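Student: Okay, here's what each chain looks like letter by letter:
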Amino acid sequence: MTLSQAVAYLARRNARFFFALLAYAFAITPLYFLRVVHSDVIVTSAIFFVVVLGLDLLYGCAGMLSFGHIGFFAVGAYSVAVLFTRFAISPLLGALAGTLITIALSYALGRVCLRLAPSYFMLGTLAFGIMTHSAITVWYSVTGGDGGLGGIPRPIIGCSLDTDLTFGAFAAACAIVLFWLTYSLSRSRIGRALRAIRGDAVAASCLGIHVDRLKTNTFVISACYASFGGSLFAMYNGAVHPDSFSLGTLLDLLLMMFFGGEGTLWGGLLGTTIIRQLPDIFGGLHGGQVLFEGIFFCLVIFVLPRGIAGAVEDAVKRLASPRTKAGVRAASNIPPIAARLQPEQAPLLQVENVARNFGGVRAIDGVSFAIHRGQIKGLIGPNGAGKSTLLNLISGVLAPDDGCILLYATELSRLRPDQIAKLGIQRTFQHERLFPHLSIEENIMVGEEHGADGSLSELLECALGSRRTLTAERAARAKTQAWLCDLQLEAYAGATTESVPQGLRKLVELARACAAQPFLLLLDESVAGLNDVEKQAVKGFIKKLHAAGLAFLIIEHDIDFVMELCEEICVISFGRTIADGPPADIRKNDAVIAAYLG
Amino acid sequence: MQVFLQVDNLEVSYGTGAAVIRNISFAVDRNEMLAVLGANGAGKSTLLRAISGILPLKAGRILLDGADVSRWSPNKRVELGLIHVPEGRQMLGGLTVAENLLLGAYTRRRERRSALEETADEIYQLFPILKERRQQLAGSLSGGQQQMLALGRALMAKPRVLMCDEPSLGVAPKITDEIFAVIGAMRDRGIPVLLVEQNAKKALALADRGIIIKRGEIILAGPASELRVNRNLSASYLGV
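In order, the protein sequence lines correspond to chains A and B. Mapping to our numbering: the first sequence position 384 is 384, numbers consecutive. Mapping to our numbering: the second sequence position 169 is 169, numbers consecutive.
Since the hints were made in silico from the structure, they are not lab data. Here the structure is a predicted model, which means the values were calculated and not measured. From the three backbone atoms N, C-alpha and C, an ideal C-beta is built for every residue, glycine too. Treat the hints with care, since some could be wrong.
[Claimed, not checked] Distance ranges between label pairs, derived from CB positions:
no. : chain 1 : residue 1 : chain 2 : residue 2 : range
1   : A       : Ala475    : B       : Gly94     : 41 to 47 Å
2   : A       : Ala346    : B       : Glu99     : 47 to 53 Å
3   : A       : Phe292    : B       : Asn75     : 32 to 38 Å
4   : A       : Ala594    : B       : Gly94     : 31 to 37 Å
5   : A       : Tyr120    : B       : Asn75     : 30 to 36 Å
6   : B       : Gly94     : A       : Asp146    : 44 to 50 Å
[What the hints assert, rightly or not] Derived DSSO-like pairs: lysine-lysine, alpha-carbon spacing no greater than 30 Å straight-line:
no. : chain 1 : residue 1 : chain 2 : residue 2
7   : B       : Lys174    : A       : Lys535
8   : B       : Lys174    : A       : Lys539
9   : B       : Lys158    : B       : Lys202
10  : A       : Lys539    : B       : Lys214
11  : B       : Lys174    : A       : Lys543
12  : A       : Lys539    : B       : Lys202
13  : A       : Lys588    : B       : Lys202
14  : B       : Lys202    : A       : Lys543
15  : B       : Lys201    : A       : Lys544
16  : B       : Lys214    : A       : Lys317
17  : A       : Lys588    : A       : Lys535
18  : B       : Lys214    : A       : Lys535
19  : A       : Lys588    : B       : Lys174
20  : B       : Lys131    : B       : Lys202
21  : A       : Lys479    : A       : Lys535
22  : B       : Lys201    : A       : Lys588
23  : B       : Lys214    : A       : Lys543
24  : B       : Lys201    : B       : Lys158
25  : B       : Lys58     : A       : Lys317
26  : A       : Lys422    : A       : Lys317
27  : B       : Lys174    : B       : Lys158
28  : A       : Lys544    : A       : Lys422
29  : A       : Lys544    : A       : Lys588
30  : A       : Lys539    : A       : Lys479
Could you build all of it, start to finish, from the sequences and the hints given here?
Tutor: Have a look at this one:
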């Protein structure tokens, strides 16, 4: 890739970023010179935009709504104020200190609160926000209590930032840099991983995404945005007061995000500016101001449920002609799997005496079987026999109460789903679990990219958009097209998951699992809901993968499908194995006929 | 006398997009089962959703027992006895099996409790596993068991028209036969049945008539016995 190509690719990939900034600059400049919008609004908008970016990264991508950011905002502001007034430490170092304190606090808070269900996560973080507000209000000796702290100078970077124009330029520069980083991050594999978690954390985990770590790190980064915004806020105002960090401000921040359009990032530009401008618009109403603002919000949210930016994006999507990729048939990219396998004679996967209880019900009661390398094994049995539970145990979604599951010599039963996925086991689900916040193409890319570690270095690399990540992304996109072609789904590449017919969604899930290049694939009723010809196509696809060396465990109720495809079939009923052997024997087995075939 | 369920020139689209189904017309009388066949994405589920009122019509009308219900809300259509068993179970996972069944009889809320329990007992006889699990949360049932519950819940309403969207999805072969037998029995009781099914062979063996939809339009219609032996069937139905 030459430099000019790289620049062109970056510009195309980030069109939304450049367009949003340019449009905003063009709109705001005349308004400023016409004195409709004051400089104060523009500077504070830039500052709040930093905070909203963090909130939107956390909620718009990962689906976690934090009410604790008002606390981190206060930590950033008070670090600057306290360190300067007590120790005469420069505001920029104060901001750095605030960020470090925030990292420690948010990491601790995240480890606790991220274990909770979303609604309790909100409550937990809200408690933190309220506690911070109380602390700064009563801790007179350090924070000055409800008298606040004043006399904070603006930082000196080359020149003094004393005027609103210079400080505004500084704040805007910070905001643009953070906007760029956040935008790159949200468009990268990490962004896809976060949206995957928002849609379905279990499926995300089964594709190799380290859900806990990624969520914690995202929370910490998002908190740092709030803290840095707070530091800028303290420098700009020259003083801090507990009132600026009350629940009212939290509400403003949330409104900025939802009003602008969650999940779009650039919506924050609009949200912050409009909300900062509102007092000027409704100021003449005095007492009625809050009421009218409230009515205004209700109307906007009612008419534009995805915020202003969301509405714009929807409109653009509707206007743009749907991408039809007819005729684009990428070559099949089934990789040789056998080459990556250890040349051992031992079984690939060994399930030994596995048991699992749900409350008092023994769903799996000592099941044992083995899958050899490159083998297609069927798993059949009556409804409720425990087939899907067994798949959950192998893929790590559930832990067995007893027994062990070995992949060669590796014990799987104590590993997380993402670790098992990384070892080379992929699965589909009985009721398809696609990620609704990602397009069909992006769903498969999550598999292609082998999930995400969620480590800080990975986040940083994606935010900076290193050449390696960009090249990898383009490769993944190309391969995705080939997988779609293999399953005759290429027409749906850019489609949303809900626009794909139910039966075909399971095929997308199959492609997503295959894209992760496993050597053992667990299929849970992948052809249920397909007609005969569609089933034949899937059969052909499975045979091709099998020829490349992939092993399968297939749960299916279409008995002809199973009999033709599988080399061995294991039959379970009421959590126990009742038969295991080649298809011909199974068909004749009396116990199987009584329990299942009828 | 008019037929029980009549659909005239139905056209439906999602949002402002292109029509997903067009010019769909058919009628189903009492004692009759109509199989709706077609490839994935042909518009079968959309058709059922439009008839039950979840999707608005762009054009056409739906007559139920002579009344034009095209503009009625879904709940009003259910009150009239138009029951839809949606694809992919759609259980109320937080309620027990028994509560799910009772909720199915919501339209019969003025009847005595004993009458509802009688119907529930009939359903428990059809699917003994549901009786065994009746105090368990529906969400804890296996996929196939949930499918049985979905059908049972629909039967609780004493439907006057039954629409089933892939009732055999994820169900063991033995139970599939039972489910088809139950649906057949409903038809024999005089209830018009609309059956969407991927298993064309089984559906046509059971149904009286069939329609085949391709890209949103009916391309073939006729008695099931004729469709079964139609040479063009596999080619057209499968969308080749």
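Student: Determine for every hint whether it applies to the structure shown.
Tutor: Structure-based check of all given hints:
Look at A:Ala475 against B:Gly94: about 44 Å separates their beta carbons, and that is inside 41 to 47 Å. With their beta carbons about 49 Å apart, A:Ala346 and B:Glu99 fall inside the hinted range of 47 to 53 Å. Checked against the given bound of 32 to 38 Å, the beta carbons of A:Phe292 and B:Asn75, roughly 37 Å apart, stay inside it. Judged by the Cβ atoms, the range 31 to 37 Å given for A:Ala594 and B:Gly94 holds: they are separated by roughly 35 Å.
At about 33 Å, the beta-carbon gap between A:Tyr120 and B:Asn75 stays in the expected band of 30 to 36 Å. Roughly 46 Å separates the CB atoms of B:Gly94 and A:Asp146, a value that falls within the hinted 44 to 50 Å. Distance restraint check for B:Lys174 and A:Lys535: the Cα-Cα separation of roughly 21 Å lies within the 30 Å cut-off, and the hinted pair is therefore satisfied. The straight-line distance between the Cα atoms of B:Lys174 and A:Lys539 is roughly 23 Å, inside the 30 Å bound, and the hint therefore holds.
For the hint linking B:Lys158 to B:Lys202, the alpha-carbon distance of about 25 Å falls within 30 Å, and the restraint holds. Distance hint between A:Lys539 and B:Lys214 is fulfilled; the C-alpha atoms sit about 23 Å from each other, no more than 30 Å. Proximity of B:Lys174 to A:Lys543 is assessed by CA-CA distance (about 27 Å); at most 30 Å being required, the pair is judged to hold. Between A:Lys539 and B:Lys202 the CA atoms are separated by roughly 21 Å; this keeps the pair inside 30 Å, and the hint holds.
For the hint linking A:Lys588 to B:Lys202, the alpha-carbon distance of about 23 Å falls within 30 Å, and the restraint holds. Distance restraint check for B:Lys202 and A:Lys543: the Cα-Cα separation of roughly 27 Å lies within the 30 Å cut-off, and the hinted pair is therefore satisfied. A C-alpha spacing of about 28 Å is found between B:Lys201 and A:Lys544, which places the hinted pair at or below 30 Å, so the restraint holds. Using a Cα cut-off of 30 Å, the hinted pair B:Lys214 and A:Lys317 holds, with the two alpha carbons roughly 27 Å apart.
Proximity of A:Lys588 to A:Lys535 is assessed by CA-CA distance (about 25 Å); at most 30 Å being required, the pair is judged to hold. Proximity of B:Lys214 to A:Lys535 is assessed by CA-CA distance (about 18 Å); at most 30 Å being required, the pair is judged to hold. A hinted pair counts as satisfied when its Cα atoms are at most 30 Å apart, and A:Lys588 with B:Lys174 qualifies at roughly 16 Å. Taking the CA atoms of B:Lys131 and B:Lys202, the gap is about 27 Å. The hint holds against a cut of 30 Å.
Restraint check for A:Lys479 and A:Lys535: the C-alpha separation of about 23 Å stays at or below 30 Å, so the hint holds. Of the pairs offered as hints, the one joining B:Lys201 and A:Lys588 holds, with about 24 Å between alpha carbons and a cut-off of 30 Å not exceeded. Restraint check for B:Lys214 and A:Lys543: satisfied, since their Cα atoms lie roughly 29 Å apart, inside the 30 Å limit. Note on B:Lys201 and B:Lys158: the hinted pairing holds, with a Cα-Cα distance of about 28 Å set against a maximum of 30 Å.
Proposed proximity of B:Lys58 and A:Lys317 is supported: the alpha carbons are some 22 Å apart, at most 30 Å. At roughly 35 Å between alpha-carbon atoms, A:Lys422 and A:Lys317 are farther apart than 30 Å, so this suggested pair is violated. The hinted pair formed by B:Lys174 and B:Lys158 meets the criterion: a straight-line CA distance of about 25 Å does not exceed 30 Å. A threshold of 30 Å between alpha carbons decides the hint, and for A:Lys544 with A:Lys422 the separation of about 23 Å falls inside it, so the pair holds.
Distance restraint check for A:Lys544 and A:Lys588: the Cα-Cα separation of roughly 29 Å lies within the 30 Å cut-off, and the hinted pair is therefore satisfied. For the proposed pair A:Lys539 and A:Lys479, the alpha carbon gap of about 21 Å is at most 30 Å, so the pair holds.
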